[in-house]
Amino acid sequence: MRSDSRGRLQDESLSTFRSPWQRDRDRIIHSSAFRRLKHKTQVFVEHDGEGYRGDYFRTRLTHTIEVAQVARTIAGALNLNTDLAETVALAHDLGHPPFGHTGEDALSALMAPYGGFDHNAQALRIVTKLERHYADFDGLNLTWESLEGIAKHNGPVTGPLPYALAEVNALWDLELHTNASAEAQVAAVADDVAYNHHDLHDGLRAGLFTEDDLAELPVIGPAFAEVDRLYPGLDPTRRRYEALRRVFGVMVEDVIAVAQNRLAGLQPRSADDIRAMDGAIIRFSKPLYQNIKAIKSFLFQRMYRAPSVVVERTHVTQMLNDLFPLYLDHPDRLPDQWRDAAMRLNDPTERARLVLDYVAGMTDRYAIAEHQRLIQPQS
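Per full-length UniProt numbering, the sequence shown runs over residues 1 to 379.
Treat the hints as calculated values from the structure; they're not laboratory data. Values in this document were obtained by computation on a predicted structure and should not be read as measured data. Among the clues, some could well be false.
Said to hold, decoys possible - Computed cross-link-like contacts, DSS-like style, restricted to lysine-lysine with a CA-CA straight-line distance of at most 30 Å: (1) Lys296 / Lys286; (2) Lys38 / Lys286; (3) Lys129 / Lys38; (4) Lys38 / Lys293.
Unchecked claim - The calculated label-pair distances, taken between Cβ atoms and stated as ranges, are: (5) Ser32 / Glu167: 15 to 23 Å; (6) Met343 / Ala369: 17 to 25 Å; (7) Ala135 / Lys293: 43 to 51 Å.
Every residue gets a Cβ at the ideal spot worked out from N, C-alpha and C, and that includes glycine.
Let's have the full structure, built from the sequences with the hints guiding it.
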C-alpha cells in the first residue's frame with residue numbers, strides 16, 4: 001500500500017533523493033543500538049566466560065539482516081512499500097536485551113514491580129528517546145508508519161500497555177487496536193521464516209539434533225528426500241544447505257501465494273483498509289502453518305530447551321539477577337553519564353527504568369565482562 005507518510009513527530013524537510021522510509025532505514029542502520037546487535041544472542045551465547053562458541057551461529061544482527069532480506073522479497077512480490085517493510089524488519093529486534101529471550105524473561109521478572117519489560121516496547125523507547133545523536137531531537141524521529149510497524153507488527157496491542165509503549169502512544173496515537181500495515185505484517189512473517197530456517201541450521205551445527213532426526217518432520221523431510229533424489233551421494237554440508245534452502249523457499253512462496261489471493265479477493269484501496277480488516281492479510285496458509293507448528297515444537301524440545309542450552313539459560317539469568325539490583329542499589333557503579341542521571345532520580349520506578357535502559361542495551365560480551373568485574377570478585 002504505497003501512500004504518503006503521516007509524517008514525523010518533529011517536522012523535517014523532505015530529502016531530495018530518499019523516501020521517508022529510506023531515511024528511516026538509514027537512521028536505524030547508523031544507530032548505536034543496531035551496531036550492538038552484532039554481539040547479542042539469537043540462541044547461543046557467543047562467549048560464556050569459559051570458552052568461545054565460534055562465529056558460525058546467528059546473532060541478532062545476522063538474524064535481522066536475514067529478516068530484512070526476506071521482507072524485501074515478499075514486499076516486492078506483492079507490490080508493497082519495500083522500504084517500509086525493510087525498515088520495520090531492521091528495527092524489530094532493537095529492543096532485545098543481552099542473552100536473547102532468556103535475557104528478556106529475566107528482565108521481565110526483575111522489572112515486574114516497575115512496569116515490566118517488553119522488547120518491542122523497548123525498541124520504541126530506543127528510537128524515540130535513547131538514541132541521542134541528533135541536534136534537533138532525541139531518538140531517530142522516525143515516521144509514523146515505522147513507529148506503528150515496530151509497535152504492532154505482531155498484531156494489534158490490547159490490554160494494559162507496557163510503559164514504554166504507553167509513553168510513545170501518548171505522544172502520537174499509533175492506533176494500537178488495529179492491524180499493522182501490510183508492510184509491517186510482512187516483516188513479522190519474515191521474522192518467522194528467518195528464524196525457523198536458521199535455527200535448523202544452528203541446531204544441526206551445534207549437534208543438538210541430526211538430519212536423521214528431521215526426516216519425519218513435515219516440509220523438512222521431503223526437502224531432504226528431494227535433494228537425495230536429485231543429487232545422490234552429495235557432500236553432507238551441501239546436502240544440508242540444499243535441503244534447508246528448499247524449506248526456506250516453501251515458506252516464502254506460501255506467504256506470497258496466500259497474500260496475492262487475499263489481496264486480489266479483498267481489494268483493499270488503502271493502508272487503512274488493511275488496518276481495518278478482520279485479521280492479518282499476510283500469513284501462512286493453514287496447512288503450512290500447522291506444519292510450522294510441528295517444526296517449532298521440535299525446535300523447542302530439542303534446541304531451546306536442550307540440556308546444554310538450559311544450563312546456559314540458568315547461568316546468564318543469574319548474571320542479570322546479579323547486575324540489575326547492584327546497579328539499582330549502587331548507581332555509583334554505572335558509567336559516568338548513566339550514574340549522574342540515576343543520582344538525579346528519587347523515584348524508585350524511574351531509577352529502575354533507567355537501569356533497565358542501561359542493562360537492556362548491553363551486548364552479551366559486555367554483560368559477561370561487567371559481571372566478572374563487579375560480581376565475581378565478591379564471590
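Okay, the hints, checked on the actual structure:
Between the alpha carbons of lysine 296 and lysine 286 the distance comes to roughly 15 Å, so the proposed pair stays at or under 30 Å and holds. A distance of roughly 35 Å separates the Cα atoms of lysine 38 and lysine 286; the hinted pair therefore is violated under the 30 Å criterion. For the hint linking lysine 129 to lysine 38, the alpha-carbon distance of about 21 Å falls within 30 Å, and the restraint holds. In summary, the hint linking lysine 38 to lysine 293 is supported, as the alpha carbons are separated by about 29 Å, within the 30 Å threshold.
Taking 15 to 23 Å as the suggested C-beta distance range, the pair serine 32 and glutamate 167 conforms, at roughly 20 Å. At roughly 24 Å, the beta-carbon separation of methionine 343 and alanine 369 lies within the given 17 to 25 Å, and the hint holds. Taken as a hint, the range 43 to 51 Å holds for the pair alanine 135 and lysine 293, whose Cβ atoms sit roughly 49 Å apart.
Against the hints set out earlier in the document, a violation occurs for number 2 only.
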